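Novice: As a plain string of letters, each chain reads:
There are 2 protein chains.
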Amino acid sequence: MMKKNILLFKPIGLIKTPFKTREGMPIQPTGAKGIKGEVEIYPEFADGLKDLDGFSHIILIYHFHLSDGFKLQVKPFMDDKIHGVFSTRAPKRPNSIGFSVVKLNKMVDNILYIENIDVIDGTPLLDIKPFIPEVDGPKTEKLGWLEGKSDKMGHKQSDKRFEK
Amino acid sequence: MMKKNILLFKPIGLIKTPFKTREGMPIQPTGAKGIKGEVEIYPEFADGLKDLDGFSHIILIYHFHLSDGFKLQVKPFMDDKIHGVFSTRAPKRPNSIGFSVVKLNKMVDNILYIENIDVIDGTPLLDIKPFIPEVDGPKTEKLGWLEGKSDKMGHKQSDKRFEK
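Top to bottom, those sequences are chains V and Y.
Straight run, no breaks: the first sequence in the working numbering ends on number 180.
Straight run, no breaks: the second sequence in the working numbering ends on number 180.
Since the hints were derived computationally from the structure, they do not count as laboratory data.
Please read these numbers as outputs of a predicted model, since none were measured by experiment.
Mixed in with the good hints, there may be bad ones.
Given that identical chains are not distinguished, each listed pair holds provided it fits within a single copy or across any two copies.
[Stated by the list, open to error] With a cut-off of at most 30 Å between alpha-carbon atoms, the simulated DSS-like pairs for lysine-lysine come out as follows: (1) K97 with K108; (2) K155 with K52; (3) K91 with K36; (4) K158 with K32; (5) K49 with K36; (6) K122 with K155; (7) K158 with K97.
Given the sequences, and given the hints that come with them, work out the whole structure.
Specialist: Encoded structure:
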């Protein structure tokens, strides 16, 4: 039965950042403005990087590897109310998949030099895609519970809320 | 060894669209402008949807379930040159994970009524996140091999190139 299907994925590389613990980490890339990191792609996947350095921004899809289990309703860093996990970016999700758009400054062989990165050091990478504003950056009309809060995300930092 | 770690994910729902075969499918959400679909979240995850309907746009992360195996270099629909798979949105990727930003028109219980959807009917859903323009929609400077092509994506349709 499709619903019960288990899908298997394997990291294609690692994300290296200055954030060694979750405390004090930016909670979103806006809070990570200027923070530099590196993505190391495992050599067996390096051929897949051809022409990626033509793009100024890339999408990283990764595994929230420190998240154990999940909660369907959470109180996010940005609010004091309970919300469904799918209306938040909290890491304890049924599938602990994370997503960030970062700036790509340089690519040397299988190493990507990135900026505006908000994940913990050693995060396993699952996929990279070019960021294409025409398809990936629509104009929004409603921002739900984040209305009036999202521009302040740069000032919020993570705490131990989502520790194991 | 982290590098060899196998990650297990399980669909949280299904994406229903008018696209029953890959031929004639839009290749990106711009080509799917106005196309309506539904996301059915499995009842056991429905509590995670609370307050999602406050957002006009959501991120869908899903499994390219018809893609079997992968190629590190591909000739994408939009170009006649070979590119690394990570600089394209082609479905045959080392981890066959897809990503689309869609409009959320309505939510009724565990059904999301969405618009601008570009995936095949029956696509297994892995995660939903709110789309937050401040963090997810940066201004780009370079669009690589897609420069001058990305606004034409609405006119391109899929063919059998990435069939099994």
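Novice: Take the hints in turn and mark each one as holding or not.
Specialist: Going down the list of hints, with the structure as the test:
no. : hint           : result
1   : K97 with K108  : within (17 Å within a copy, 40 Å between copies)
2   : K155 with K52  : both (28 Å within a copy, 18 Å between copies)
3   : K91 with K36   : within (24 Å within a copy, 39 Å between copies)
4   : K158 with K32  : between (34 Å within a copy, 24 Å between copies)
5   : K49 with K36   : within (17 Å within a copy, 42 Å between copies)
6   : K122 with K155 : both (29 Å within a copy, 17 Å between copies)
7   : K158 with K97  : within (18 Å within a copy, 39 Å between copies)
In the structure shown, no violation is registered for any of the earlier numbered hints.
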